[in-house]
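J.: Now for the letters of each chain:
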Amino acid sequence: MQGLGLGDPQFCLVHFEAARKLLSSKLSSAVIEAWDADLLSLYRIVAECVVFNFATMLPLYRTKDLSMPWASASFDGLSSFDCLFYENDGQQSSSTSPFFGGFYRLWNLMLRSTVLHHRIVLNEVTEPIAQELIDMADSMKIELDDTEKQIHLWEVTRPRDSSLTKLYKAQHFLNLCATRIYLCKILNNTVTAQCVEVQREFAKAVGHMKLEEHPEQRSLSLRWPLTILACAASTDQDFAFLAKIMDDIASTVIHANSSMLKSARQTLTMFRQRGPDVAQLQQGISTTLDFVLEPRLLGLAPSLTS
Amino acid sequence: MKGSKSKSGCVTCLVRRKKCDEVTPVCGHCRRLTLKCVQREHDTPVPAADRTALTMTSLRAKQLHIQPPVSPGHPRFRSELEKKVSQESPALLSGFLSRIADPAFHSVQSIGRFCIQSEVVREAVLAYAAYIRGQEDADAYRHCVKSYQSCIIGLRDASIRQSPNQDLAMTAILFLGLLEVSG
Numbered sequence: 001m002q003g004l005g006l007g008d009p010q011f012c013l014v015h016f017e018a019a020r021k022l023l024s025s026k027l028s029s030a031v032i033e034a035w036d037a038d039l040l041s042l043y044r045i046v047a048e049c050v051v052f053n054f055a056t057m058l059p060l061y062r063t064k065d066l067s068m069p070w071a072s073a074s075f076d077g078l079s080s081f082d083c084l085f086y087e088n089d090g091q092q093s094s095s096t097s098p099f100f101g102g103f104y105r106l107w108n109l110m111l112r113s114t115v116l117h118h119r120i121v122l123n124e125v126t127e128p129i130a131q132e133l134i135d136m137a138d139s140m141k142i143e144l145d146d147t148e149k150q151i152h153l154w155e156v157t158r159p160r161d162s163s164l165t166k167l168y169k170a171q172h173f174l175n176l177c178a179t180r181i182y183l184c185k186i187l188n189n190t191v192t193a194q195c196v197e198v199q200r201e202f203a204k205a206v207g208h209m210k211l212e213e214h215p216e217q218r219s220l221s222l223r224w225p226l227t228i229l230a231c232a233a234s235t236d237q238d239f240a241f242l243a244k245i246m247d248d249i250a251s252t253v254i255h256a257n258s259s260m261l262k263s264a265r266q267t268l269t270m271f272r273q274r275g276p277d278v279a280q281l282q283q284g285i286s287t288t289l290d291f292v293l294e295p296r297l298l299g300l301a302p303s304l305t306s
Numbered sequence: 001m002k003g004s005k006s007k008s009g010c011v012t013c014l015v016r017r018k019k020c021d022e023v024t025p026v027c028g029h030c031r032r033l034t035l036k037c038v039q040r041e042h043d044t045p046v047p048a049a050d051r052t053a054l055t056m057t058s059l060r061a062k063q064l065h066i067q068p069p070v071s072p073g074h075p076r077f078r079s080e081l082e083k084k085v086s087q088e089s090p091a092l093l094s095g096f097l098s099r100i101a102d103p104a105f106h107s108v109q110s111i112g113r114f115c116i117q118s119e120v121v122r123e124a125v126l127a128y129a130a131y132i133r134g135q136e137d138a139d140a141y142r143h144c145v146k147s148y149q150s151c152i153i154g155l156r157d158a159s160i161r162q163s164p165n166q167d168l169a170m171t172a173i174l175f176l177g178l179l180e181v182s183g
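Protein chains in written order, with the working numbering: chain A, 1 to 306; chain B, 1 to 183.
Calculated from the structure, these hints are not laboratory results.
Please note that the accuracy of each hint is not assured.
[As the list claims (entries may be wrong)] The calculated lysine to any residue pairs, modelled on SDA-like cross-linking and capped at a C-alpha distance of 25 angstroms, are:
| hint | chain 1 | residue 1 | chain 2 | residue 2 |
| --- | --- | --- | --- | --- |
| 1 | A | Lys149 | B | Arg99 |
| 2 | A | Lys26 | B | Arg99 |
| 3 | A | Lys21 | B | Arg156 |
| 4 | B | Lys36 | A | Lys262 |
| 5 | A | Lys262 | A | Arg296 |
| 6 | B | Lys83 | B | Thr34 |
| 7 | A | Lys166 | B | Lys36 |
Owing to the predicted nature of the structure, the values given are computational and were not obtained by experimental measurement.
Kindly generate the complete structure, drawing on both the sequences and the hints.
T.: Structural data, given as structure tokens:
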């Protein structure tokens, strides 16, 4: 309570970590089938809030600044929450609709990507650890492929021309492709926006956004994936397309996310026009895609820099 | 015609003058209100020295941690604003919802129920509502800070973090976290 600074993203992580512990304790001791549907909705909201906020806020912190057990080998990717979102056969529940606007699995994968990045930075890369991290990355790639299939499968069972179907597909591909680009950069920090794999995913995401439906405004879930895609834009035309969407969303979402979107957009615009400044070069930023590993350098709120 | 008095109901219900359902080891009233259920020993004459234990005053003096009776079991609303926000709380998260979110998320009745049951949840919901609705209003911001602080104090009470109150603590913390996200 000292220096109570409302709106500090660091406090949000503290709160959601406490929520995580309470929910995990609850899930480990109770039978999910005994809950009523309304209580289950509340638990899903809590779980999605935890995973979503960790997935989108943790990249803003340097590994050494984190006191939470995210970088430790015991972190299980919040698998204790799976029972809220998956049927017994491992398939995502058809009755689980996104709260913030994304597959739960995608947020989980995005969070695990950040954990992987922190572990790579934190640990000396001895052979056993390197192999373990490679296995983690391979597992995540398989899950991303499976999630893409599920998006297509979901679409088949819905009215094709429905605006909600289009929106669902566009937003999920935005998140999916952004996560793949993020993971690609984590595994090879020399990758640039011109890399074939990055361009393939970028084209897929933007293609869906242009053909299907523009992302909905006031959606918090789009800030981080949009930022990743903006960093991966190789042409000015592509960047201008994403910058317009970022501006539209920044004008409607609430404060912290709005300022983050605006800062990211402005920093990337200046970088594209003038190249990296001395401070950015010192932090290892020489291309736009490098910001993906150091998003705090996109000019974020002072409370986040340390 | 008056009903016969129970001879085996718990002491807590006896003191509170409630009809005990005589469930052991914890009766229904005590379980619902998280009171200490003090069972009577049957057919055992109460020693004179212990007879004084059967009053609220002496129970508190003996630090048996029996909560004073409340009716109907939930804390009262302290203001009309508190009552209004609590009533509106099931739909308070709609600002975060995506158009493609399940309709069930638009009104989560559990939140309203927890607001009624717990002052800590109410404080958290009040803080969040005050912050969201009055970001340009200094009075609303002050109200938000005050509610936030009260909620944190309430959460420091270890009992709220233990079963069966974990849902209450979790709901309160959810709103505090969302308040920070909204900042």
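J.: Looking at the structure, which of the earlier hints fail to hold?
T.: 2, 4, 7
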